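K.L.:
The chain contents come next:
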Amino acid sequence: MSDALDRRRLLGRALAFGALSVLPGCNYDNLQHPDFADRALRAMSRWNDRVQAALFDPHTLAPTFPASAITRPPRFNAFYDEAHVHVVDGASWQLELFGNIAEKRPWRLADLRAAPQESQITRLICVEGWRVIGQWGGVPLGWFLRRIGADTKARYVSFRCADGYYESIDMPSALHPQTLLALDFLGKPLTPPFGYPLRLRIPTKLGFKNPKSLVALGVTNVFPGGYWVAQGYNWFSGS
Amino acid sequence: MPHHPDRGPDPRPNPGPNPRPNRGRTRPVHPWPLRLMHWLNATAIVVMVMSGWQIYDASPLFGFSFPGRITLGEWLGGAIAWHLAAMWLLVLNGVAYLAWGSLNGHFRRRLRPPGPREVWRDTILALTFRLDHRHGVYNAVQRALYLAVIAFGVLAVASGLAVWKPVQLWFLSDLFGGFRASRYVHFFAMAGIVGFLAVHLMLVALVPKVLPPMITGGRLSEDAP
Ligand code: HEM
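Going down the list, the sequences are from chains A and B. Numbering-wise, this note's numbering puts 153 at position 153 of the first sequence, and it's gapless, one number per residue. Numbering-wise, this note's numbering puts 38 at position 38 of the second sequence, and it's gapless, one number per residue.
Please keep in mind that the hints were generated in silico from the structure rather than gathered at the bench. Each hint should be verified, as a subset may be incorrect.
As the list claims (entries may be wrong) - Derived list of chain A stretches under chain B, where covered just means 3 residues or more per stretch with a C-beta under 8 angstroms from a C-beta of chain B: (1) 56 to 69; (2) 120 to 132; (3) 221 to 234.
Remember, it's a predicted structure, so these values are computed and weren't measured experimentally. Built from N, CA and C at the ideal position, the CB exists for glycine as well.
Pulled out of the complex, with its shape left as it was, chain B reads as follows (with noise of 0.2 angstroms):
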């Protein structure tokens, strides 16, 4: 097993003359259970997203509805219908990740919450385009991203299921402040995961290379980080 120097000093005796040899062996930057995920999670996103959008247009909480054109369901009937059989891949997929990333040690890894020191400096970084980007490293500016949209997500579900099931669910519908005050947070989760997707695919398109990886893993020297 490699060791990965944010875990601490390295707690094993010198490994003496022959240490297992790691050179030329690789690993991918982005393992298949997460990129399964995340493009089942891209996927269960749009269509929540967009059938949402449709529902909202039945009854809109502000000034506005999103027109037809970008949203799924046609009609409230086929948009319910939309979201409530997308949040059972949105869900149990969800679920899958969070078992996954927390059991084989992902997080702590790869997704280790920065300080606000850190986001601010890759914040200018990135915007004067001098944060440099290595594979299977993260900077604390997708750090704070990614974990922001998780939570956004945790919220979304919680709310949703609030609104769903008012009743039976009562405690929830309660933590939101009942049936309306939950169909505002739904929304304003929505909003932070829609908001989440254009930064995040405006930093694709600024960093074209990260994305080949998410699709076919990619390969990390088993000594990189």
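The shape of chain A in the complex, shown without the other chains (with noise of 0.2 angstroms):
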């Protein structure tokens, strides 16, 4: 049966049994067994990404904030604690390139340097609801899959990072003239803790989306989901 088929035969029945019968439910407690409500969710989850994608304005850019307005000191968040933090190897790092893209000759940290550069001073929100300022400086995302020869037709852009994390987002984000691969914070380079080398800086999309310590870029039409997004999240968390 095809996705949206299946889709389709979810949705109907979540509306014939009614949100009451299945409130003990979802709580993706067991991703193994998803019980009928974690189905159901998730079909709304993907009903949602494709709302978002509806709505998303590739010309619509996020706000953008007087140095003043910079949180200090900067938040720490990560699936770990602070003392946890991965520290990457600057000399030997190298961006790994894989999928569709024409010229997948890894990148060193000198030839981002060599890039063209852009500095913006945005909002990231966390899924929590919390929400800090921050500049953020680096090569714009788009520039780098023109330049690298992507596929821009291709649906997702897959990150890996150094830590085991990993994210995706959809490609009209990727090409947002605000999407940027992140080298600069606060107008140093990037420490440690807030993705030391390199890492996605995206304001169009919570804070989630924006993985730190990138060691591969991948252009893929195959659906490489993300770290939080196995466990529950939505995947397009636009924001």
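Hints given; two lone chains; assemble the complex.
P.N.:
This is the structure:
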């Protein structure tokens, strides 16, 4: 059965049963054995992905702020605490490229520094509901994707991190003018807790869609998912 | 079509000796679309409020959290999934109710905005247990409460959209004063709805005979207002 039909069937059932009959369910507590509520909520989450993709306007910019609005000290956040930050060796580091890309030669830090740079003061909104303002500088992802001959008609850009984290975003958001491969934070090179040596900075999405300490970038039509998405967060998570 | 006294003087000419006989005919106190939408809304509100409390707990705005026993979703990811799924039921059902109520005259007939004196008079009567209830007629306190909760509902949806999409729906975000202010507005809209619900349930408990018609429809003579 096709995915769309499957989804419709689930939705129909969800409506028929009514929300109350599934109340004790969904918490995504056992991903191998999703119960009925888990599956209905996943179907709704996929529907919300589509709604958000339709709502996304490539020309709408995230707000920018004056330097005086920057949050100090900056707030660290990861799926582990600051003492366990993975420290990357910048000298040997390189960004691997995979998938639908013409020039897959890995990029080193110096190559990225030599590329055109942009800097912006934007807001990072966490899925938890707090927000911080920071300044990030680096290479616009759209420029980078064109430079490496990526298939910009593909659906996803996928990211892998030094600490095992992984994420993916839709191509229109990847090509948004404010989406950066960030090298700098608050006017200086990124520090390990904030994603040294390279992170994604995308102010049109929630914080967890901004993976840190990247080691590989790919372009693909096969849904790559993400660390938090696998546990139940909405994938598109646009702002 | 029966004539409703609150529509002003009857514009029709004298119907003559044989008006269409209405005697004995009945209509429901609450027509079925209203009942259906009311209970769908109640379901959606309960899911939205309980999952909303769980979301709030991830980053509380005030010095308290909601205990896990009364929240839905168990963790932030589960709660967001519930909230953003039930939001469709809440909004589609709410839009249907507003369209139905304004197009067929339900709002004009039953939810005429009361004046402050009326509300005051009926509040005093209600508090002294002297307010009597006629099926199919809302007193001034009820009308004030229903109109208030409709307004809180609209505010909750608009501020919720501002929190969800502060970039794409920047005009809503700006309207409420930015991302953080939108979160406060959203919280107070929830508080307004929960406050309404407490009073609403109390009034139903005080006058329990109003409940069965909201479930089965009830019977009202055609001549009743
Ligand atoms: C869950 C328990 C609930 C019960 C037992 C209940 C019961 C009732 C009853 C009996 C009436 C008719 C009153 C009368 O005929 O005088 C009514 C009307 C109404 N209720 Fe509820 N209700 C509940 C939840 C809610 C919620 C959560 C909301 C909104 C947030 C709500 C909003 C309304 C409104 C707006 C009306 C007037 C509808 C109209 O005529 O347009 N109710 N309710």
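K.L.:
Run every hint past the structure and note whether it holds.
P.N.:
Hints and how they fare:
no. : hint       : in the structure
1   : 56 to 69   : holds (count 6)
2   : 120 to 132 : holds (count 8)
3   : 221 to 234 : holds (count 5)
Hint compliance for this structure: every hint is met.
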